[in-house]
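Using our numbering, the letters of the sequence shown map in sequence onto residues 3 to 410.
Some hints here could point you the wrong way.
[Stated by the list, open to error] Label pairs and their calculated CB-CB ranges:
#	residue 1	residue 2	range
1	GLU166	ARG243	16 to 24 Å
2	GLN377	ARG243	47 to 55 Å
3	VAL120	GLY409	35 to 43 Å
4	VAL120	VAL218	21 to 29 Å
5	GLY409	ALA170	29 to 37 Å
6	GLU401	GLY363	21 to 29 Å
7	GLU356	GLU149	37 to 45 Å
8	SER164	GLY363	20 to 28 Å
9	GLY389	GLN362	39 to 47 Å
10	LEU113	ARG186	53 to 61 Å
11	ALA326	GLU189	26 to 34 Å
12	LEU410	GLY157	57 to 65 Å
13	VAL387	GLY157	47 to 55 Å
It should be emphasised that the hints constitute simulated quantities derived from the structure, not laboratory data. Glycine is no exception: its CB is placed at the ideal position from the N, C-alpha and C atoms.
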Amino acid sequence: MMRASFVQRAWPYEPLREHPERVGRIPFSAVRVLQEKRASQAGGWVSPNLEAYAPTPYPVRKPQCPRNRGRSHPRNLGIHFFGGRSNPFRRPTLQNRFVLHRPLRILGLLLTSSLVAVIAGELVYRGVRTGRLGPTTNPTYVVHDAEFGWGYRAGAQVRHRSAEFDVAVTINAEGFRDRKWPERDPERQLLLVLGDSFAFGWGVEETERVSSILRVALPEWDVRNAAVSGYGTDQQLLLLRKLQKDLQPDAVLLMFCPNDLDESASAVAYGHRKPWFELQIDGALSLHGQPVQQPWIERVSHLAQAIHKQITERTSAGRPYDSAAQWSLVRALLTQMASMDRDSPLLLLSETHELAAFAQGQVGVRHVDPTQALQALGSRAFFSVDGHWTAAAHAAVAETLLPVLQGL
Numbered sequence: 003m004m005r006a007s008f009v010q011r012a013w014p015y016e017p018l019r020e021h022p023e024r025v026g027r028i029p030f031s032a033v034r035v036l037q038e039k040r041a042s043q044a045g046g047w048v049s050p051n052l053e054a055y056a057p058t059p060y061p062v063r064k065p066q067c068p069r070n071r072g073r074s075h076p077r078n079l080g081i082h083f084f085g086g087r088s089n090p091f092r093r094p095t096l097q098n099r100f101v102l103h104r105p106l107r108i109l110g111l112l113l114t115s116s117l118v119a120v121i122a123g124e125l126v127y128r129g130v131r132t133g134r135l136g137p138t139t140n141p142t143y144v145v146h147d148a149e150f151g152w153g154y155r156a157g158a159q160v161r162h163r164s165a166e167f168d169v170a171v172t173i174n175a176e177g178f179r180d181r182k183w184p185e186r187d188p189e190r191q192l193l194l195v196l197g198d199s200f201a202f203g204w205g206v207e208e209t210e211r212v213s214s215i216l217r218v219a220l221p222e223w224d225v226r227n228a229a230v231s232g233y234g235t236d237q238q239l240l241l242l243r244k245l246q247k248d249l250q251p252d253a254v255l256l257m258f259c260p261n262d263l264d265e266s267a268s269a270v271a272y273g274h275r276k277p278w279f280e281l282q283i284d285g286a287l288s289l290h291g292q293p294v295q296q297p298w299i300e301r302v303s304h305l306a307q308a309i310h311k312q313i314t315e316r317t318s319a320g321r322p323y324d325s326a327a328q329w330s331l332v333r334a335l336l337t338q339m340a341s342m343d344r345d346s347p348l349l350l351l352s353e354t355h356e357l358a359a360f361a362q363g364q365v366g367v368r369h370v371d372p373t374q375a376l377q378a379l380g381s382r383a384f385f386s387v388d389g390h391w392t393a394a395a396h397a398a399v400a401e402t403l404l405p406v407l408q409g410l
């Protein structure tokens with residue numbers, strides 16, 4: 003009874019009793035115990051010390067990897083530990099750990115792949131696409147400005163390229179595309195030029211712009227160009243308020259473009275957030291949107307800025323505008339400009355009849371219409387695809403302004 007109880011405790015795998023043909027396919031230790039059990043059933047003597055038992059001709063099988071275990075594994079023979087449950091004291095294998103943490107591993111793989119894709123897209127966009135962007139949206143030198151919405155990075159030197167032109171753009175220390183501004187000379191009159199992309203000189207060299215031509219033709223005038231591409235009349239008013247204190251200009255030239263109507267009535271332009279004015283019932287102007295906020299993703303990603311620009315342009319494309327309300331707002335903004343210094347005339351360069359009528363009823367405001375000069379050039383006045391003035395158009399407009407400035 004003692005030997006039988008020992009064998010029973012040492013070998014609890016009862017299914018092997020019914021399948022002796024599987025003995026050759028089970029581990030060496032199981033074969034040893036089975037031999038002991040058979041010897042006890044035949045009436046032979048069984049040694050309780052299994053380690054002292056003589057070796058048998060059965061070879062010792064190497065343990066197999068759990069994921070490749072063969073038919074000789076005890077579980078494949080219907081043998082299970084702990085009543086069919088897995089061993090709670092056994093550490094999980096590498097395969098079991100992967101299975102247990104598979105959702106986390108898949109999630110980490112997805113996040114890593116997404117991060118790599120975003121970084122790759124950002125690098126490709128910066129290296130390929132930004133080279134074709136203009137002075138309104140190119141993030142390499144168009145930077146966020148909390149006061150005006152956007153501006154230029156001081157000291158930037160870039161190329162502005164398209165299928166129709168390839169020009170240099172150099173930004174001075176004041177943040178404008180112009181030469182270095184010298185100290186104010188009291189012997190010379192100062193002309194401050196404001197405007198958007200046309201006054202900026204989109205598509206032409208700096209020396210080919212209206213302001214540069216006027217500087218050469220009028221040596222008694224100190225002509226300074228403070229145009230920023232994409233600025234509306236509201237931003238130009240804010241810029242004039244800032245420069246008025248330091249420069250004290252003798253005259254201000256505002257080059258007005260018809261799209262300034264939409265830009266002045268909107269809180270977003272060209273994908274940039276900007277300040278805006280609202281015209282009250284009593285005719286007063288109320289400023290909103292300062293300081294201009296910028297989301298953190300747009301501060302670090304040029305691609306995010308481009309996506310935001312596309313979204314804002316698509317959402318605002320079908321938005322209706324009230325032309326009468328827009329003109330009322332623009333006239334109020336121009337009235338503010340003219341009233342800042344009554345001794346400094348405000349010259350409005352535009353092809354619109356509304357501004358011509360506005361100038362007739364204002365003191366210190368003069369309208370200059372370049373329509374005839376541009377029409378005389380015909381198709382040479384504008385880039386056929388881009389739509390901005392060519393160098394010939396800038397020269398013609400400067401010739402139109404020369405007698406006006408000489409008469410001041």
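Taking the hints in turn, this is what the structure says about them:
1. GLU166 and ARG243 have their C-beta atoms about 36 Å apart, which leaves the hinted 16 to 24 Å range violated.
2. Distance hint for GLN377 and ARG243: a CB-CB separation of about 35 Å, inconsistent with the stated range 47 to 55 Å.
3. Separation of VAL120 from GLY409 is about 59 Å and departs from the stated range, judged on CB atoms against 35 to 43 Å.
4. Restraint check, VAL120 to VAL218: a C-beta distance of roughly 49 Å breaks the suggested window 21 to 29 Å.
5. Taken as a hint, the range 29 to 37 Å holds for the pair GLY409 and ALA170, whose Cβ atoms sit roughly 34 Å apart.
6. At about 28 Å, the beta-carbon gap between GLU401 and GLY363 stays in the expected band of 21 to 29 Å.
7. Checked against the hint of 37 to 45 Å, the C-beta distance between GLU356 and GLU149 comes to roughly 28 Å, which is inconsistent with it.
8. Distance hint check for SER164 and GLY363: the Cβ-Cβ separation is about 41 Å, which falls outside the suggested range of 20 to 28 Å.
9. GLY389 and GLN362 have their C-beta atoms about 30 Å apart, which leaves the hinted 39 to 47 Å range violated.
10. In this structure, LEU113 and ARG186 meet the distance hint of 53 to 61 Å, their C-beta atoms being roughly 57 Å apart.
11. Between ALA326 and GLU189 the beta carbon distance is about 46 Å. The supplied range of 26 to 34 Å is therefore violated.
12. About 33 Å separates the C-beta atoms of LEU410 and GLY157, a value inconsistent with the hinted range of 57 to 65 Å.
13. At about 31 Å, the CB distance of VAL387 to GLY157 disagrees with the hint of 47 to 55 Å.
When held up to the earlier numbered hints, the structure conflicts with 1, 2, 3, 4, 7, 8, 9, 11, 12 and 13 and fits the remainder.
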